[in-house]
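Residue numbers (the UniProt record's numbering), protein chains in the order written: chain W, 1 to 556; chain Z, 1 to 556.
Treat the hints loosely; a few may be bogus.
Since the list gives no way to pick one copy over another, a pair counts as held whenever it fits inside one copy or between any two copies.
[Stated by the list, open to error] Listed next, the in silico SDA-like pairs over lysine to any residue satisfying Cα-Cα at most 20 angstroms (straight line):
{"id": "1", "residue 1": "K99", "residue 2": "G140"}
{"id": "2", "residue 1": "K115", "residue 2": "D58"}
{"id": "3", "residue 1": "K542", "residue 2": "G456"}
{"id": "4", "residue 1": "K99", "residue 2": "P419"}
{"id": "5", "residue 1": "K411", "residue 2": "D364"}
{"id": "6", "residue 1": "K122", "residue 2": "L512"}
{"id": "7", "residue 1": "K99", "residue 2": "H484"}
{"id": "8", "residue 1": "K75", "residue 2": "E227"}
{"id": "9", "residue 1": "K75", "residue 2": "G124"}
{"id": "10", "residue 1": "K421", "residue 2": "P314"}
{"id": "11", "residue 1": "K197", "residue 2": "V510"}
{"id": "12", "residue 1": "K509", "residue 2": "V555"}
{"id": "13", "residue 1": "K394", "residue 2": "E227"}
{"id": "14", "residue 1": "K122", "residue 2": "E284"}
{"id": "15", "residue 1": "K542", "residue 2": "G120"}
{"id": "16", "residue 1": "K427", "residue 2": "I361"}
{"id": "17", "residue 1": "K75", "residue 2": "H53"}
{"id": "18", "residue 1": "K411", "residue 2": "V363"}
{"id": "19", "residue 1": "K523", "residue 2": "L512"}
{"id": "20", "residue 1": "K542", "residue 2": "D58"}
{"id": "21", "residue 1": "K421", "residue 2": "L503"}
{"id": "22", "residue 1": "K421", "residue 2": "L466"}
{"id": "23", "residue 1": "K394", "residue 2": "H257"}
{"id": "24", "residue 1": "K542", "residue 2": "L455"}
If you are wondering where the hints come from, they were derived from the structure by calculation, not from laboratory data.
Protein chains: 2
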Amino acid sequence: MTKPSQDAPTGAAPHLEVVPLGGMGEIGKNITAYRYGDEIMVVDGGLAFPDAHQMGIDLIIPRIDYLQQHAGLIKGWILTHGHEDHIGALPYILPRLPKVPVYGAPLTLGLVREKLSEFGIKDGDVDLREVDLNDKVRIGKHFHVEFLRMTHSIPDNMGYLLTTPAGVVMHTGDFKLDEQPADGKPSDLARIEQAGKDGVLLLISDSTNAERPGRTPSEAEVARNLEELISGLKGRVFLTTFASQVNRIQNLLHIAHRQGRRVVMEGRSMLKYAQVAQATGHLETPDPFLTSEEVSGLQDQQILYVCTGSQGQPMAVLGRLAFGNHAKIALRRGDSVILSSNPIPGNEEAVNLIVNRLYEIGVDVYYPPTYRVHASGHGSQEELATILNLARPKFFLPWHGEPRHQINHAKLAQTLPRPPKRTLIAKNGDVVRVGPDEFKVTGTVPAGAVYVDGLGVGDIGDDVLLDRASMGQEGILIMTAVLHPTPHVEIVSRGFVRSNRELDSQIRKVALEAVEGGLREKKRLEDVRDDMYGAVRRFVRKATGRNPVLIPMIVD
Amino acid sequence: MTKPSQDAPTGAAPHLEVVPLGGMGEIGKNITAYRYGDEIMVVDGGLAFPDAHQMGIDLIIPRIDYLQQHAGLIKGWILTHGHEDHIGALPYILPRLPKVPVYGAPLTLGLVREKLSEFGIKDGDVDLREVDLNDKVRIGKHFHVEFLRMTHSIPDNMGYLLTTPAGVVMHTGDFKLDEQPADGKPSDLARIEQAGKDGVLLLISDSTNAERPGRTPSEAEVARNLEELISGLKGRVFLTTFASQVNRIQNLLHIAHRQGRRVVMEGRSMLKYAQVAQATGHLETPDPFLTSEEVSGLQDQQILYVCTGSQGQPMAVLGRLAFGNHAKIALRRGDSVILSSNPIPGNEEAVNLIVNRLYEIGVDVYYPPTYRVHASGHGSQEELATILNLARPKFFLPWHGEPRHQINHAKLAQTLPRPPKRTLIAKNGDVVRVGPDEFKVTGTVPAGAVYVDGLGVGDIGDDVLLDRASMGQEGILIMTAVLHPTPHVEIVSRGFVRSNRELDSQIRKVALEAVEGGLREKKRLEDVRDDMYGAVRRFVRKATGRNPVLIPMIVD
Chain W
1 MTKPSQDAPT
11 GAAPHLEVVP
21 LGGMGEIGKN
31 ITAYRYGDEI
41 MVVDGGLAFP
51 DAHQMGIDLI
61 IPRIDYLQQH
71 AGLIKGWILT
81 HGHEDHIGAL
91 PYILPRLPKV
101 PVYGAPLTLG
111 LVREKLSEFG
121 IKDGDVDLRE
131 VDLNDKVRIG
141 KHFHVEFLRM
151 THSIPDNMGY
161 LLTTPAGVVM
171 HTGDFKLDEQ
181 PADGKPSDLA
191 RIEQAGKDGV
201 LLLISDSTNA
211 ERPGRTPSEA
221 EVARNLEELI
231 SGLKGRVFLT
241 TFASQVNRIQ
251 NLLHIAHRQG
261 RRVVMEGRSM
271 LKYAQVAQAT
281 GHLETPDPFL
291 TSEEVSGLQD
301 QQILYVCTGS
311 QGQPMAVLGR
321 LAFGNHAKIA
331 LRRGDSVILS
341 SNPIPGNEEA
351 VNLIVNRLYE
361 IGVDVYYPPT
371 YRVHASGHGS
381 QEELATILNL
391 ARPKFFLPWH
401 GEPRHQINHA
411 KLAQTLPRPP
421 KRTLIAKNGD
431 VVRVGPDEFK
441 VTGTVPAGAV
451 YVDGLGVGDI
461 GDDVLLDRAS
471 MGQEGILIMT
481 AVLHPTPHVE
491 IVSRGFVRSN
501 RELDSQIRKV
511 ALEAVEGGLR
521 EKKRLEDVRD
531 DMYGAVRRFV
541 RKATGRNPVL
551 IPMIVD
Chain Z
1 MTKPSQDAPT
11 GAAPHLEVVP
21 LGGMGEIGKN
31 ITAYRYGDEI
41 MVVDGGLAFP
51 DAHQMGIDLI
61 IPRIDYLQQH
71 AGLIKGWILT
81 HGHEDHIGAL
91 PYILPRLPKV
101 PVYGAPLTLG
111 LVREKLSEFG
121 IKDGDVDLRE
131 VDLNDKVRIG
141 KHFHVEFLRM
151 THSIPDNMGY
161 LLTTPAGVVM
171 HTGDFKLDEQ
181 PADGKPSDLA
191 RIEQAGKDGV
201 LLLISDSTNA
211 ERPGRTPSEA
221 EVARNLEELI
231 SGLKGRVFLT
241 TFASQVNRIQ
251 NLLHIAHRQG
261 RRVVMEGRSM
271 LKYAQVAQAT
281 GHLETPDPFL
291 TSEEVSGLQD
301 QQILYVCTGS
311 QGQPMAVLGR
321 LAFGNHAKIA
331 LRRGDSVILS
341 SNPIPGNEEA
351 VNLIVNRLYE
361 IGVDVYYPPT
371 YRVHASGHGS
381 QEELATILNL
391 ARPKFFLPWH
401 GEPRHQINHA
411 KLAQTLPRPP
421 KRTLIAKNGD
431 VVRVGPDEFK
441 VTGTVPAGAV
451 YVDGLGVGDI
461 GDDVLLDRAS
471 MGQEGILIMT
481 AVLHPTPHVE
491 IVSRGFVRSN
501 RELDSQIRKV
511 ALEAVEGGLR
521 EKKRLEDVRD
531 DMYGAVRRFV
541 RKATGRNPVL
551 IPMIVD
């Protein structure tokens, strides 16, 4: 395809290394590095939210050891769009790496600036460079990037064609093929088809919905369903969706305008996204937003609240409304609540709790699948097939998915008329070498999760989470043996059982006997402590069937 | 309708009290009491499984204070079917109440006996009385019960007509209207229609799927889909479903026989249900079950494993297979795994984890909705409407559902040609008074959850769970100030942050300063302890942004 350049490793055909550091084998914390010779280009820097087992963690960012170890090689960075799972880790990552050009579309960079400023990172500390869709940029000597418009649930979303001496990579970014996008600008399929004809060496494509047959509904269909639903409602309407669903919110503003409802945006992230999107010209407001005080004089059917809380977060606006602890607004009979969203896996219970509370309050509640007021931002099987058919890649890397999604995406590709010659199911940290005639994993680099909790980044590891889980499941029992003047044992517990004097005194007795026995035998204090631990462990297990975390202490 | 009997409360029309103690406003731990005059009849005694917030709890049983307070009035008990959410609490409940006749169908009582014997409760301690479908029994003077066959996902499932001097109650029990049940015995709709013509005062009906349009697919459809799927598979097949899905397992045994596969039942509960169902004649085995050792000589396509673990439990068979720690069986490429189940709300993440592991192992994985290999045991809107139309109740109590299900069931009833005159959305503990011309909540009795954890029943309350949640989220930090010979502070933490000497020494310093200050001012020791607590709380919050559970101790 191309001749080896001088910078390519000697003695080998020219090759590119694709190094996913996040987002490969998972949905979340997307970040990918490309290395060609002694140059690295990075794509995105997103975060992930913890699952139920990662207790107390606020968020998760990717490990970037690989980038830190090769910091001098990084020539530039590109951002595909402004969702948290693509830009949310930047405030943690960018300050730890050399300042290089970071390219992104206006809305994306607007959201990044907002985020960096929250962390006190100044404009001068980063080199953000605005690009338009279809712009081309060169990063280092070897990376030629051409941005492509791809429709998604946020405007200014991009895939890109990456031309290197080893060949052309087509990366879809997050996408669905929405034929009626809110901003009237569909995906650039013609350019993908042309690239396919010219020769795409590797396709990296969004696997999120690889298990869903058919097509993902258009945002326009969601808007039509919302308009029909809202037009039939008499009272106040409260709608919740992701704050980042700028396209849907745009449609909603037009619906509200046509139906004579004024819009109140409620919730910090809802306001933040709206402000940035307005500033970058991505959110047209037919009527100015009002505050909840300003709409108090209007009739109920003239009010539409757009709220945070679609994932059941108890402290977001919908959560506070459902639990009756919102400072300014109280739900009442006659109100309608629309959940223009689906729970993300893991949030089902939290959302269900809120939905039940809403029913108990007596408001009318509308949500999928009964009401078709939500659509995914990711393409289903037909859309994935369209991209594969147009790009006609030699090699294929299903990305942005868990193994189930990657493998079903790979199977889908094999059913098409011109399947890829080879597909790899990669993981974070895999070094995927790709060249005109090779496509394989040649090694691994460190990759994984860094936990962010409170002010701490990376000071919580899986060992700490394991302790949290044990205490959360079984509680804790602390035994303090004080040896002087005469040995006695104090116990304190949390989360073990309801205070129970008889059990407490039995445990103290068992512990004291162990301590006294050890002292009589003149054991070392560590051994006395271990004896106390063992005796209490056995007794508690037998008496209660439980295994609390036990902490034995000896005060000499 | 009927005249007041002598035992009816004087000065009022005859009335019945329906007192749901579990299963009303929730899905789980079903138990209902009926009171007429000075007689009480009880229905079912089920358990619930904890949600994510009820950490470390094994299971939940209903509070039975009401029954204990009126123990002398209880005349009998009936059981609708053998699922855990209807009989699982009996070993905890029955021993605390007087011995009264407990009526149930053969399979139901078989499962109850098995369960009681696990708890060491002897046959003579309870008065189990076998009834057949369509049998009639009298309980006390006033309760005339006629059992009705209703199809569900377990054989021997029953609803009933309860005739009292106040009128007739029709209770569906759990049901779907399966036209092709595995045992060939459809629901007794003709009897319900007749009862409707004769006059049903109150209908209590299953709301589980009140939000689902249409009909729930028949078990026969699931069986056809399973047969088609399995007939195309070449290697070993591992199928998981609820062990209590006796009807589905019956169909599977026939499928295996027709396809020349021998069946291995794996998992304790799978074996237990199969044994009881075989003993009561509800599970016909065309070929005897084999063990995993016995099938080792067979070819792969001659083997069907039926396993526990459909809800993602890591220690059940499928979980151990997925994580590669099953003692006898290892999955390999060429195997197929069928999840003939859906995750119960709350179990999605656990099931997803296992599905991904299966893909990573390289086995083929089949599950809904892509493969239609599961159907709910509860009827959807059309089936609910059928019951309402046949029973034509004057009053309606949507049961076996959360508020969202109850309210949608109530709304459905209002759309029918002959809607109930009144519908109540009741909660556990409500005393629902029903008579020829009245239907209202007249009071409440204690109702709610008793947590079972290890050997403890009820020794864990919401306060203990709150402590567990706090420690699980933030960890714990224990500070022990030892005052002699000179004051010093020891700290121990779990689940807080990775061991960090500098932070530890800062915390010790802050604590010690507070202690020394307090001692100088000759404060009381409690106050010194509180000072240490406050100082460390403030310091830790500022230094780490976190709020671990703090335990201050002073050793004088």
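- prompt: Hint numbers the structure violates, sorted upward?
  reply: Those not satisfied are hints 4, 6, 7, 8, 10, 11, 13, 14, 17, 21, 22 and 23.
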